[in-house]
Each structure stands twice: as C-alpha cells, then as structure tokens.
Amino acid sequence: MKIITVLSGKGGTGKTTLSSNLAILLSKRKKIVVADCDADAPNLALALGLDEKDFFNWEKVETNEKAVLDEKKCIGCKKCYNVCNFGAVEWDNLKNQPIFNSLLCEGCGACQLVCPQNAIKLVKVKNGKIADTETPYGFRIFTGQLKVGSTGSGKIVSLIKEKAYLSAKQQQAEIMLLDSAAGVGCPVIASVQGSDFVVAVTEPTPSGLNDLKRALKTVEHFRIPCGVIINKYDLNKSFTKQTEDFFLKNNIPLLGKIKFDKRFVDSLVNMEPISIKSTKHRIIFEGIISNIEEQLSH
Amino acid sequence: MKIAITGGKGGTGKSTIATALAVELTKKYNTIIIDADVDCPNDHLILDIKREKIKDIFQPIPKINKEKCQKCGRCAEVCKEHAIVFIEGDYPVLIPEQCIGCSACMIACPHNAIEKDKKKIGTIYQGNYQNLKFLSAETEIGVEEESPVVNALKKEIKKKGKEFDFMIYDTSPGTHCNVISALQGTDLAICVSEPTPLGAHDLKLILELLKILKIPAKILLNKSDIGDKKLIKKIAREFKTEIIIEIPYSKKIIDSYSSGEAIKDQTIINLRKYLEENKK
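Note that the protein sequences, when read in sequence, are chains D and Z.
Read in order, the letters of the first sequence are residues 31 to 328 in the working numbering.
Read in order, the letters of the second sequence are residues 850 to 1129 in the working numbering.
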C-alpha cells in the first residue's frame, strides 16, 4: 500500500478540491481509503457530499492531559509558576495559589514534577473526536475534529491516520490518500510522517510560492518524494512561469496545472467533486493521477 | 484597539484584508500590523516589506550529560511528547524535533544529568510600509510547538512600548494552539469567510473558539457573490453576530493580490469607518 499526502503550505490553494477529485477517480481503478488530516478545520467529507450527521460512530478521544490543583495541599511556593514554559500558570496573589489556564496548558507535567507537595495532578481531557463512514463513491473516509479551544491537533491527526491505516490494511487497499491541514505546523508534520509520496498544491502568487517552499522543506526534512500542482495557473501567467522555473531548478516534478474556473466554487456549494459532471476536469485529474503513478513507480 | 483578522478556513483572504485594512488605517492613525501566522507569514510579501531580523527565538532543550547519566530511563518515562527514546542499558536518545521544551525531563532526572541547552524555533522580524509599522515571526521548519513563537512575538510588541491606535493581528488558518495564542487579548475579531459549505463549517469553529475566549466577533464575507450567502447568514444568526462587510469577487482584487500588493477598494474604506465607529 502507498500513502499519498496532499498539502500546500498556504490555505485555500485547493487541497480539498484536489483530494476529493483524486479520491473519486482513484477509487474507480483501485481500492482506496481516504483520511481528512485537518482536524482543525476538516472539510474533505463536505467536499464529498457528507456532513457530520453522515458519520455514525463519533468517538471522543483523549490525546491530552491538563494540570489541576489540589488547593488543600498547595503551599504557594510558586515553583509551578516559574517552571511553566507555556505561560499556562498564572498567579492568584489573593489566594497565593496558581491558576492553570487550560487553553494554554500543554499537559507536559513539568509543574507536577516540580511541586514539592504533590498538589498537582494531570487529568486526561477529551480534546477531540474521530469517526469514519462509507462515501457514496464506494470508499471509506476517516475524519476527526479537534475540540474547539483544545490543543493537540497533531495527536488527533496521528490517531485518524492510525485508524485509517488499520482499515486500509484490513481491506487490502492499494492507496491511502491523506488531505492535510494548511501551514507547516504539528498537524502537517503528523500527516506527512510515514507518507510514500506528497502532492503539493500551489497558486501563482508570492504567498503561494513562499508557503509552498516552506512546506517542501518540511517534506524534504522527512525525505519523502514529492510532486507539485499549480492551481488557478491562468490568474497570473508570469508568476506561474516563475513558479515553474523554481520547480525545474530544484528537480521537482510538475504533476499538473489547473485553470481557474468558477465551477470549482459551484462544486463546493453543491458538495460534489467537479469531475463527476465535467468531463474536461475528469481528464485533467486523470492526467494528474497518471503522473503520480509514474512518480510512485520510480 | 487590538483587532484580530482570522476565519478558520485557509485562503479566504485573511492576509489580503489585514494588509489592506492596515494600510487604510495608517492614513489617519498610528497603526501596526502583526503577522501572527507564524506557520506561513505572508504580509511582508503582500506589502513588499523588506524584513529586518530583530532576534532569534529559542526554546529550552535537554542535553544529556553522559558522565552523570545512570541510564535509569526516568527522563523518557516523564516525556509526554515521546521525544526521548530509552532502551534498557543504553544512554537515552533525544529526538529534538519532538521536544517542546517543557523541561520535565530535567526536573525528573534523579542524577542531575540533564543540562539545559537551547534550540532555535523561530525568528522575529520588523519593518515598515510607509508609516505603517510591521512585526512578524516565522517558525523554523520542523518545529511542532508554535505557541512559544507567537508568545515571543507578543512579548516583543509589549517591549515596543509605543501606544498604537490600531494593532492588526493576522492569524493562521485553523483553531489550534498558535491561533489561540494570537487571539488572546484582542478586543475584536474579524472573521473572514467565503460563502461555501467549507467556509461556513470552519467559520462556525472559529466563532465557537472566540466565544470561549470571550472575544467579540464579526464576519467579513469575501467573494460574497460566488457561492451561497445564506450559509453564512445562518451562522451569523446562530452566533448572534453580523456580516459587517461584503466584498464581491473581483478580478481587480485577484490581480493586485497575485502581483503582490495591498488591495485598494471601497469596501476596505467601509471597514475602516466601521472600526472608527466601534473603536474602544
């Protein structure tokens, strides 16, 4: 089985649109499993016509811990306040006691270890949920959602991936397709780790290219082969040329170019991937798939 | 007044709006734009600002002193990030990428064998665009824990000491830790969204987060004429807020954005007026 991850650096370049179209076309020739690895703002299911209610097995997950205080034991030594590197321990001068800010607490346990009175406990928190379901297109999708105001989206992404991987193995799937979050932070690192190939989507703008370069550095860091797609390439042809030159110079294979088309927005509103109705787009995405397959065979 | 430009979904136009608004406000007010999208900062590209490095941001990282280490494995046991690998009989091995710099291992080591070292996690930059002041931070590639980068940036703002009439915070997409750190302490959040089910879904998440943080939130609907506006109106009602500005899809805006310059548009002037009327 091969694991393919779609990422971009910059948000809104078309990761989810690309993933949804690749998924339905790939599934016609191969057994696949897909996973939405953007637990912050998961959208892949929506693009495939499914909303939250179409998932029946939501399972709350605990990937984080938070510090809590036993007020009776606290002697106000301030050691916890001084040790916290995340600004999560505030000091209540009136009570001469710490206040733990759960929005900032990483659950690292440094305060618990430093406390001479054993007054700090770490408790598990439900910081997200995960689920999976069958799409109308005949493949399974795994998704998850970070609880708003919680930390640890990277760990939730790892859990989604684990579940999807087990299911893919069971079904003897040939491909696992992951749609990652924007940026290059912890959820993206969690998505990319262990992938066989990365498809990076960019747009012809200075921001698009700048963020793509950061994303590609992350991919390089994990030594994963990758290819790129320029979306909305006709919006700025001279910048597209500049982007292509960068790929050429750095030996990064260009897997495809996609024109801006208002029908992409319509397809999102209608929650149906564009290549279902548009033959022209089906051909474009099939071309991209062939190019990915060629890269994978190297 | 501290204004956050956020929105949940990526690519809805946060940086486009943040830069255009900041440039507009600068005409009359002492303004600073803070690019808190430490993952992928772009405001300097849009405004064509030559960034000047102020300083590097470091986090503590353990360094195992093999002369003192008794190979007990306590450090690996307490590390919640699994950044220390310990195999019985061997010295513990640190995986620096996984380490978030909490110091738990240093506290736990019964032999005082772990020293404090540091690793670079980001850089703080400054610059200006005409009278507009600019501050930003960028995370090092491969660093997972980004809140400390945003917090270091916020410390730097405090150090500037100068009073600004308006401080514009441009955040990352999503709702995770670095967005939370950027939003905390702001007076108003403008959520930039687009009229698609994806935009609506992510808007809802960021509005929920802002409710928890007790930050007043308003909606700016970008690309308002392509898609289905009703989706966003429904959420505005649900969260008892309103769409304060609508910006129709325009080739002109796309062109100026893709060529790397701040957009000029009547809707941005309207946004400035809205803020003047509602200034704290």
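Accuracy of the hints is not assured; some may be wrong.
[To be verified] The list that follows gives simulated cross-link-like pairs (lysine to aspartate or glutamate, DMTMM-like), each with its CA atoms no further than 20 Å apart:
| id | chain 1 | residue 1 | chain 2 | residue 2 |
| --- | --- | --- | --- | --- |
| 1 | D | K156 | Z | E1057 |
| 2 | Z | K1053 | D | D84 |
| 3 | Z | K1079 | D | E92 |
| 4 | D | K151 | Z | E926 |
| 5 | Z | K1083 | D | E82 |
| 6 | D | K267 | Z | D1104 |
| 7 | D | K243 | Z | D897 |
| 8 | Z | K1078 | D | E92 |
| 9 | Z | K929 | D | E92 |
| 10 | D | K247 | Z | D1104 |
| 11 | Z | K1083 | D | E92 |
| 12 | Z | K1100 | D | E82 |
| 13 | D | K156 | Z | D1104 |
| 14 | D | K243 | Z | E1057 |
| 15 | Z | K965 | D | D84 |
| 16 | D | K177 | D | D84 |
| 17 | D | K289 | Z | D1104 |
| 18 | D | K90 | Z | E1057 |
[To be verified] Ranges of calculated distance between the beta carbons of each label pair, as one might list FRET restraints:
| id | chain 1 | residue 1 | chain 2 | residue 2 | range |
| --- | --- | --- | --- | --- | --- |
| 19 | D | D122 | Z | D1014 | 12 to 22 Å |
| 20 | Z | I1093 | D | F86 | 12 to 22 Å |
| 21 | D | T163 | Z | I944 | 31 to 41 Å |
Quick caveat, the hints were computed from the structure, so don't treat them as lab data.
Think of the CB as a built atom: it goes at the ideal place given N, C-alpha and C, for glycine as much as any other residue.
Status of each hint after checking the structure:
1. Under the criterion of a C-alpha separation no larger than 20 Å, the hint pairing D:K156 with Z:E1057 is consistent with the structure, at around 17 Å.
2. Straight-line distance between C-alpha atoms of Z:K1053 and D:D84 comes to about 18 Å, which keeps the hinted pair within the 20 Å bound.
3. Between the alpha carbons of Z:K1079 and D:E92 the distance comes to roughly 35 Å, so the proposed pair goes past 20 Å and is violated.
4. Our distance criterion of 20 Å between C-alpha atoms is met by D:K151 and Z:E926, whose separation comes to about 16 Å.
5. The suggested pairing of Z:K1083 with D:E82 holds, with an alpha-carbon distance near 17 Å, which does not exceed 20 Å.
6. Restraint check: the Cα-Cα separation between D:K267 and Z:D1104 comes to about 11 Å, which is no more than 20 Å; the hinted pair holds.
7. For the given pair, D:K243 sits about 18 Å from Z:D897 by alpha-carbon distance, which is consistent with the 20 Å threshold.
8. Restraint check for Z:K1078 and D:E92: not satisfied, since their Cα atoms lie roughly 36 Å apart, outside the 20 Å limit.
9. Our distance criterion of 20 Å between C-alpha atoms is met by Z:K929 and D:E92, whose separation comes to about 13 Å.
10. With a C-alpha separation of about 28 Å, the suggested pairing of D:K247 with Z:D1104 is violated against the 20 Å cut-off.
11. A C-alpha spacing of about 32 Å is found between Z:K1083 and D:E92, which places the hinted pair above 20 Å, so the restraint is violated.
12. Taking the CA atoms of Z:K1100 and D:E82, the gap is about 34 Å. The hint is violated against a cut of 20 Å.
13. Straight-line distance between C-alpha atoms of D:K156 and Z:D1104 comes to about 45 Å, which puts the hinted pair past the 20 Å bound.
14. With a C-alpha separation of about 32 Å, the suggested pair D:K243 and Z:E1057 falls outside the 20 Å cut-off, and the hint is violated.
15. Restraint check: the Cα-Cα separation between Z:K965 and D:D84 comes to about 50 Å, which exceeds 20 Å; the hinted pair is violated.
16. For the suggested pair D:K177 and D:D84, the alpha carbons sit about 19 Å apart, so the restraint of at most 20 Å is met.
17. The straight-line distance between the Cα atoms of D:K289 and Z:D1104 is roughly 15 Å, inside the 20 Å bound, and the hint therefore holds.
18. At most 20 Å may separate the alpha-carbon atoms for a hinted pair to count; D:K90 and Z:E1057 meet this at roughly 18 Å.
19. The hint said 12 to 22 Å for the Cβ distance between D:D122 and Z:D1014, and at roughly 33 Å that hint is violated.
20. At about 38 Å, the CB distance of Z:I1093 to D:F86 disagrees with the hint of 12 to 22 Å.
21. Hint check: D:T163 to Z:I944, Cβ distance near 35 Å, so the stated range 31 to 41 Å holds.
Consistency note: the structure conflicts with the earlier hints numbered 3, 8, 10, 11, 12, 13, 14, 15, 19 and 20.
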